[in-house]
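Peer 1: For chain A, the structure is supplied; the task is to place chain B on it using the hints.
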Amino acid sequence: MSELPHTGKPEDAVADPALSGLYREAGREIPPSRLDRAILAAARGGGSERSRLLRRDLVLAWRLPLSLAAVVVLSVTLVMLMTERHGDEAVEALPLAPPPATGVAPEAAVSAAPARPAVEDGDVPLSSRDDHRRASTVPQTKEVAAAAVAGKRTARPSTRDASRPPVAQTRPVAGEARTAGREAEKKEEMAAPQAASRLEARSQAEDTASAAPVPAPPDTPTADVAPKETIRPGAVAPRAAAAPVGGLQTQAQEIHDLPPEQWLAKIESLRREGKAAEAKRSLAEFRRRYPDYPLPPSLR
Amino acid sequence: MNRDSVADEELMARYRDGDAGAFEVLYNRHRGGLYRYLLRSSGSAATAEELFQDVWMNLVRARASYAATAKFTTYLYRLAHNRLIDHYRRRPQGVPVSFEDDCPELDTLALDPSGQPDARYDTKQKAERLLALLAELPEAQREAFLLREEAGLSVEDIAQATGVNRETAKSRLRYALANLRSGMRGYL
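Quick mapping for you: the protein sequence lines, in order, are chains A and B.
When we follow numbering that gives the first Met the number 0, the leftmost residue of the first sequence carries the number 0, and every step to the right adds one.
When we follow numbering that gives the first Met the number 0, the leftmost residue of the second sequence carries the number 0, and every step to the right adds one.
These are calculated hints, taken from the structure and not from any lab test.
Glycine included, each C-beta is placed from N, C-alpha and C at the ideal position.
Listing some non-contacts, in silico: residues in chain B with all C-beta distances to chain A over 10 Å:
1. Ser-43
2. Ala-67
3. Gly-93
So the derived label-pair ranges between C-beta atoms look like this:
4. A/Leu-67 - B/Met-56: 37 to 45 Å
5. B/Gly-17 - A/Leu-80: 45 to 53 Å
6. B/Asp-3 - A/Arg-43: 18 to 26 Å
7. B/Gln-124 - A/Glu-28: 17 to 25 Å
8. A/Ile-29 - B/Asp-3: 16 to 24 Å
9. A/Pro-31 - B/Gly-162: 26 to 34 Å
10. A/Leu-67 - B/Ser-4: 48 to 56 Å
Chain A on its own, in the form it takes in the complex (with noise of 0.2 Å):
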């Protein structure tokens, strides 16, 4: 190792060469050899940690391109899925659209749209939809409020099934609290509210078979019931208006509330008593509520 020489300078005229002599005979302490080592260690380590900086410049100078590839290969997929996905939620609008209630009573064509709110289902979307439907209508139609009744045995999977529920599905479930409640109904004839004695009858129909509603008094006025009842007065209101229309509508309602299957058997029972009309209606019903629907040679 070699050391610094000393170098006096006496240009400074602050020298003492016989102090700086012994000053050079005293100690000559060096330091530990483990200092030597950790210090050329570290050095080395620097020269190292030099490439390592040149390695991240060269990361740092792509990274700007590569992110902003990211984001465009991201975007595309994002902006792809959005228009596959609207593609599809506009394919679903279709069926979902209201039809034309022209020359229909009040009475029937609440009924004849039973899953379907008052309001224009295309000029909200899908959720504000499902929602409105899920808060406007259940206390309005008795289809619903049948279907909110077993919606709360049957999960909804995702948005789009439940805006659309298969007839398979919930149909039957419904078809058998209308058939429990229809004996009720009969037996009521048309003094109570019939919205509210459904509800009533298709939710203990399904629970038990044999437990059906107390008739009402076939006199007893709609505002002594209507308070007893859970369902809100609004809801009640539309139906006790249209129940002095008449038997025919009434009829007709019932026709249309039957299963797909016993709705056809009444079709033709109508055809066979000479209600052409009559059956014809019923059938133009049939087909628009379900549209595919088998129809039997019969009636093709």
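Peer 2: Only chain B this time, still in chain A's reference frame:
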């Protein structure tokens, strides 16, 4: 080209550019002087080792910003001086008053050689006497002497390394020599 004949500044520039071997040459040149400067300034081997390692680590970390605007030795001992002042600040006593700009020129060693010098004193005993006197010097004077003897710095370089003006550095060095001479009277 033999690295031993390359100037310190060139070696440091090479190390800055990634030549670890250049650092090793630099280190071997200055390790002893820097260590003794710290050892005799702090008076403790443990403290000297800690400060010594810190100084070199600071040099390694600061290599990228090194510019040969001054002598490398001045640069290195400037790092050492700053580290030493930090060490002083952490002590309960704080930074020695002798480091103030107005150099205490009236400070003189209390050492008074007792009795007559003995001709039997050999060089080793004289050297030990000198080191004892050096330890008794005010810190600033001691530092100036050490920078002169260990780093070979001129008065100008000492001023630059210690951050004082040239006259202060010269005064410190002059008084250090005077005190040592006084203490070594009869030994030399």
